[in-house]
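So the protein lines, in turn, are chains A and B. Residue numbers for the first sequence, in the numbering used here: 555 to 786. Residue numbers for the second sequence, in the numbering used here: 555 to 786.
Think of the hints as simulated: they come from the structure by calculation, not from any bench. Among the hints, a few may not be true.
A pair holds if it fits inside one copy or across any two, identical chains being indistinguishable in the list.
Derived EDC-like pairs: lysine to aspartate or glutamate, alpha-carbon spacing no greater than 16 Å straight-line [said to hold, decoys possible]: (1) K601 <-> D699; (2) K623 <-> D645; (3) K601 <-> E700; (4) K601 <-> D564; (5) K730 <-> E700; (6) K623 <-> D712; (7) K601 <-> E696; (8) K730 <-> D679; (9) K684 <-> D620; (10) K730 <-> E618; (11) K623 <-> D591; (12) K730 <-> E749; (13) K730 <-> E707.
Number of protein chains: 2
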Amino acid sequence: MSNPVITAFDWVPWFARGQVRDLRVRWALEEVGQSYDVRYLPQGTQKDPPHRALQPFGQIPTYELDGLKLFESGAIVLRIAETHRGLLPEDAGGRARAIEWMFAALNTVEPPIMDYVIATLFEEDQPWSKPRLPAVIARIAERLDELSRRLGENDWLDGSFSAGDLLMVAVLRQLKESPLERAHDNLAAYVARGEARPAFQRAFAAQLAGFTAAPPPEYAFLDQPPTRQGER
Amino acid sequence: MSNPVITAFDWVPWFARGQVRDLRVRWALEEVGQSYDVRYLPQGTQKDPPHRALQPFGQIPTYELDGLKLFESGAIVLRIAETHRGLLPEDAGGRARAIEWMFAALNTVEPPIMDYVIATLFEEDQPWSKPRLPAVIARIAERLDELSRRLGENDWLDGSFSAGDLLMVAVLRQLKESPLERAHDNLAAYVARGEARPAFQRAFAAQLAGFTAAPPPEYAFLDQPPTRQGER
Numbered sequence: 555m556s557n558p559v560i561t562a563f564d565w566v567p568w569f570a571r572g573q574v575r576d577l578r579v580r581w582a583l584e585e586v587g588q589s590y591d592v593r594y595l596p597q598g599t600q601k602d603p604p605h606r607a608l609q610p611f612g613q614i615p616t617y618e619l620d621g622l623k624l625f626e627s628g629a630i631v632l633r634i635a636e637t638h639r640g641l642l643p644e645d646a647g648g649r650a651r652a653i654e655w656m657f658a659a660l661n662t663v664e665p666p667i668m669d670y671v672i673a674t675l676f677e678e679d680q681p682w683s684k685p686r687l688p689a690v691i692a693r694i695a696e697r698l699d700e701l702s703r704r705l706g707e708n709d710w711l712d713g714s715f716s717a718g719d720l721l722m723v724a725v726l727r728q729l730k731e732s733p734l735e736r737a738h739d740n741l742a743a744y745v746a747r748g749e750a751r752p753a754f755q756r757a758f759a760a761q762l763a764g765f766t767a768a769p770p771p772e773y774a775f776l777d778q779p780p781t782r783q784g785e786r
Numbered sequence: 555m556s557n558p559v560i561t562a563f564d565w566v567p568w569f570a571r572g573q574v575r576d577l578r579v580r581w582a583l584e585e586v587g588q589s590y591d592v593r594y595l596p597q598g599t600q601k602d603p604p605h606r607a608l609q610p611f612g613q614i615p616t617y618e619l620d621g622l623k624l625f626e627s628g629a630i631v632l633r634i635a636e637t638h639r640g641l642l643p644e645d646a647g648g649r650a651r652a653i654e655w656m657f658a659a660l661n662t663v664e665p666p667i668m669d670y671v672i673a674t675l676f677e678e679d680q681p682w683s684k685p686r687l688p689a690v691i692a693r694i695a696e697r698l699d700e701l702s703r704r705l706g707e708n709d710w711l712d713g714s715f716s717a718g719d720l721l722m723v724a725v726l727r728q729l730k731e732s733p734l735e736r737a738h739d740n741l742a743a744y745v746a747r748g749e750a751r752p753a754f755q756r757a758f759a760a761q762l763a764g765f766t767a768a769p770p771p772e773y774a775f776l777d778q779p780p781t782r783q784g785e786r
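Isolated chain A (complex conformation):
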């Protein structure tokens, strides 16, 4: 049986390493024990016609197997979960609830977090970002409060670890090193529990190992984190 082929970047800015969305797909493949091949895209070519033919929005990852070509990491994770054992419960109800948490991660919890990432990284220097930040944080805090209450003392969102937990942990991880990360002990422990899984560890290491290219010259300044005044 042939391996699926996914796409990933050969270089990303320092702040995106360990966060690019092929991680979600790699993690799902590792959880189900499916080996895979990676086609690395030179950074900057994702918007060119050859990749656009595969991914209309010029993003990664994509997934190809036996003639099927898919994009959108949530859909790829679901496809992997549907065609392998281990990421969705066997019973119809549990399966539907795991999928519910996949959508909750991507359509309810992630949008305000994406907004935060834009405000604190891509638009950090824009004059509107600082005055607006409290409103952005308040929206995330509301979602985290609600999620924390639902999770309670449980290890995972609905019984055993599922594709819903995989995506929720991947979404919450984007708040790493933000004050929001430490606001709820049970959510911090939940993310740590996800990251401690051997499948996550393998996927994470594989993503990092794939950044082997030099940055495009205009992005060279994003190859290392900035040193702050007073730091070495």
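Assemble chain B onto chain A, guided by the hints.
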């Protein structure tokens, strides 16, 4: 066979009418010819414990059938599509691609549109909203350009109408009456094609007919659109 029961609001502000997310579920149910019952929530009670037990984020819609309780409109639409004919192709590849468009609608196209709705409605009066708006619009415009190129002259995103088109049309409809709506003729025609479907028309009429309550006193000013100076 018993009907599924969904939840919806008994009142929403004027600008949300025809946009609340139970519409997506009603539309899916109408497409597959499944009758349903609605439990109306008094506006303001969605954050109270009884509804929170069903929907941890205090939102609507929810879906209940034979002991299964689901929230998150994307997951509910997928569940309806999986248990009825008409919203997913029969072949495995076409089915996976329809689901791919569901996730693309909710995780790639909708987040910048949610951002626009916040900036132009909920935070319209905040000092940061006006200077920031061009950046918000630019993010949506990029996605619409890409979607427009992929759709081309086709009626639907991948062959026949699917749950992916249902969610994409529902997402794009939120730009109604914005300049973004008219930027691409083929996307405007795509949305119109979706809205012209008899199932959409029935779902839309049913949502509007459900707003039978008076507004909570503190929201009474949102019961009608504001009249602008110079208008009657």
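Hint-by-hint comparison with the structure:
no., hint, in the structure
1, K601 <-> D699, "between (38 Å within a copy, 12 Å between copies)"
2, K623 <-> D645, "between (28 Å within a copy, 14 Å between copies)"
3, K601 <-> E700, "between (37 Å within a copy, 10 Å between copies)"
4, K601 <-> D564, "within (14 Å within a copy, 45 Å between copies)"
5, K730 <-> E700, "neither (19 Å within a copy, 31 Å between copies)"
6, K623 <-> D712, "between (30 Å within a copy, 13 Å between copies)"
7, K601 <-> E696, "between (35 Å within a copy, 11 Å between copies)"
8, K730 <-> D679, "neither (20 Å within a copy, 31 Å between copies)"
9, K684 <-> D620, "neither (48 Å within a copy, 49 Å between copies)"
10, K730 <-> E618, "neither (31 Å within a copy, 36 Å between copies)"
11, K623 <-> D591, "within (14 Å within a copy, 38 Å between copies)"
12, K730 <-> E749, "within (12 Å within a copy, 42 Å between copies)"
13, K730 <-> E707, "neither (21 Å within a copy, 43 Å between copies)"
Checked against the numbered hints above, the structure violates hints 5, 8, 9, 10, 13; every other hint is satisfied.
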